[in-house]
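Chains as they are written, first to last, in the UniProt record's numbering: chain P, 1 to 265; chain U, 1 to 490.
Worth flagging that the hints you see were computed from the coordinates, not collected in a lab.
One or more of the hints may lead you astray.
[As the list claims (entries may be wrong)] Residues from chain P shown here face chain U by an in silico Cβ test under 7 angstroms; the list is partial: (1) Arg90; (2) Val94; (3) Met102; (4) Lys106; (5) Asn108; (6) Ser113; (7) Tyr115; (8) Ile124; (9) Gly126; (10) Ala128; (11) Asn130.
Only a predicted model underlies this, so the values are computations on that prediction, with no experimental measurement involved.
Ideal Cβ placement from N, Cα and C applies to all residues, glycine included.
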Amino acid sequence: MYDAPNTELHVTQNDIKIAARKVQVYYGDTHAIKDVDVDIEDKTVTAFIGPSGCGKSTFLRCINRMNDTIDICRVEGDIQIDGEDIYDKRVDPVQLRAKVGMVFQKPNPFPKSIYDNIAYGPKIHGLAKNKADLDEIVEKALRRGAIWDEVKDRLHAPGTGLSGGQQQRLCIARAVATEPEVLLMDEPCSALDPIATAQVEELIDELKQNYSVVIVTHSMQQAARVSQKTAFFHLGHLVEYGETGKIFTNPEDTRTESYITGRIG
Amino acid sequence: MPLLWLFLIVLAIAAVGYVLGRSRALQSAGGDSRDLHSLPSYYGTNVAMKAAVPAFLLMLVWLLVQPLYINTVISGAIPDSAISDGANLGLVMSEVRRTAEGLDALVAAGEMTEAFARSARADLGDITQRLQDAGQIVTSEVTQPILRAAQDYRVMNATGSLLMSGAVIVLSLAGLLWGLRESQAAFRARNVVEAGVRALLIAAASIAILTTIGIVLSLVFNTIEFFRLYPASDFFFGLEWAPSFSGRGGSSELGVIPLLWGTFYISIVALLVAVPIGLFAAIYLSEYASRRVRGIAKPMLEVLAGIPTIVYGLFALLTVGPLLLSVFGREGLGWMQAGTAVMTAGIVMGIMLIPFVSSLSDDIINAVPQAMRDGSYGLGATKSETIKQVVLPAALPGIVGAILLAASRAIGETMIVVLGAGAAARLSLNPFEAMTTVTAKIVSQLTGDADFASPEALVAFALGMTLFVITLGLNVFALYIVRKYREQYE
Ligand SMILES: Nc1ncnc2c1ncn2[C@@H]1O[C@H](COP(=O)(O)OP(=O)(O)O)[C@@H](O)[C@H]1O
Ligand SMILES: [Mg+2]
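Here chain P stands alone, though its shape is the one from the complex (with noise of 0.2 angstroms):
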């Protein structure tokens, strides 16, 4: 239905995940994203940056139809993940928001117990046959967020009482327990202190062997620590896509330099 060939879009040796043509996001009157094409690639982590109300959260909150539960945010353009267009009328956002799964920049654990925080959505869709099969999904989604260990002995404490960290990556773990194809991070670590992120970013480079991580953050070291790919947003329109280490050393917009030396942002 589009003429835009998948093929066309190789550009490395990894797969296309998300390719995201002409997108305009609208709040109301305000024209928020502004004609982005990007192509999105398979284990890979992808790191959006720009300077603070560019839109990198709402773009971000397209690929998995969030911006759907916000009345006045209207989306126009095509974006199609593993080639179906998640537009499509036959689309079940729902459905779709299992398989891109979302972290968020704050911590926000559900006040139930650790074990019931990950299971949420496992039992949503109906990934486990019987209790045993549940127990062994939360097992493994608490190890995937390298948190395994340290919640092992109190499953059945409430998430609300772990450390900001561990909250985050408990967050994580609920996520990946859903067995999601793409990782989408709305600055994941904004409200964490230095340790922490530094764990959940060492968990965010093994989570890229499975998936397809999209990571937004406001830490240009962190994007270059994370990510193999770098988008720089600048009011509503994608700037400069590529490599990391060519956006960092080499940036071809003179507005990407000016963010990068710091002389925007």
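Given chain P, put chain U with the ligands in place with the hints provided.
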């Protein structure tokens, strides 16, 4: 001098003080308001405050003390012989006051000269006749000591008011002068006014607290009085409510249990109606409704809360009762004898509580952070899954608090019960039978013609106290839960 005039005079002095103080302060700064410590209006306010506040305080104290003083003097002067059998000093004193007021009214109407009203040799029969003709209520014949006392009473009252007027005006003027002397550029009028405002607010707060304490104390004393006349164990554990109608008989059964049962039964029916409907309405309004629908529906729901409860009572009596009767009454299922029943009152009370439950729950549901919902949606949960499994559990303590507050309102409700539930105190499980509640019985015990000192009347205070303790407990518990829940997200 009438009180109103005195009041206005003091206000006028204060107003003049304001203008004078302001201009005097300006003058002291050579007309340049920048040289003043405070804005000119503060100097004016300072003078006005000093002119008005002490004067009004004096007036208040005087008005409280003067009647007490006159009463003691006059009653000391009444000879014992003037107190007939079966009466006491209090009765005689009220007769004295009535006679004095009668004389006042006659003088005011011009039917009697002041000199005549004061004359010691006036003919008793004539005075009685004149008082009765003028429509003043007096006993068969005014006796000599009573007339004497009444005349003294009038004289003392008149002198008292005159003295008060003088003292108040003098004090007000003194305050004015004091304030004016202070109105110099360096004077910190702003700070004084600030202290004055503070004192005003403290006074308001203490009045609120003191009246509450006063109400509770009056309940407590009368309750103790009741338990002196009627055994407490019979009151708390008695299974029968049957006050005797003679007013003084000792044969009354005043057991509170049937009343408490009626109260709780009706409240439970009310909550069964109000909680599901109110809660679902709140969920719809806070989670599903668009901003426009919410903007219209929420105020409309809250209109329900503004309807006086007597109107709900009429609704129960005239609409719901007959409706239920036609279904469950003799023509229908045959369970119901009359329109007034637990069901009738409970349903209508539930309708009354819907907006209460829904607006409290709405606030509480809205207080659940959006991040919780986002987390759930982000995992691929639908709206109702999110509400059922994340929002409601998070809001549950607050909602329980809201329900407890609604329950304490249901327990205290009176008019709907009086009109909708009947007046029979009964221990029964059938919700289609008439029952009554603690509040409704308080009304009927106090509006009857029982002697105010009899247990039949005093029991109202014990009932009120019981109700007060129950609702206070519920409210404290509810607020504790609500507050504990609030801390969770901060
Ligand atoms: N829910 C919303 N309603 C209206 N405007 C919004 C909303 N969310 C974001 N915006 C606007 O969209 C623009 C981009 O915001 P956002 O994507 O949050 O920026 P970033 O994450 O890069 O800081 C901003 O101008 C912001 O004001
Ligand atoms: Mg953002």
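Each hint tested on the structure:
| no. | hint | verdict |
| --- | --- | --- |
| 1 | Arg90 | 16 angstroms, violated |
| 2 | Val94 | 5 angstroms, holds |
| 3 | Met102 | 4 angstroms, holds |
| 4 | Lys106 | 6 angstroms, holds |
| 5 | Asn108 | 4 angstroms, holds |
| 6 | Ser113 | 11 angstroms, violated |
| 7 | Tyr115 | 14 angstroms, violated |
| 8 | Ile124 | 5 angstroms, holds |
| 9 | Gly126 | 11 angstroms, violated |
| 10 | Ala128 | 15 angstroms, violated |
| 11 | Asn130 | 20 angstroms, violated |
The structure fails to meet hints 1, 6, 7, 9, 10, 11 from the earlier list, while all remaining hints are met.
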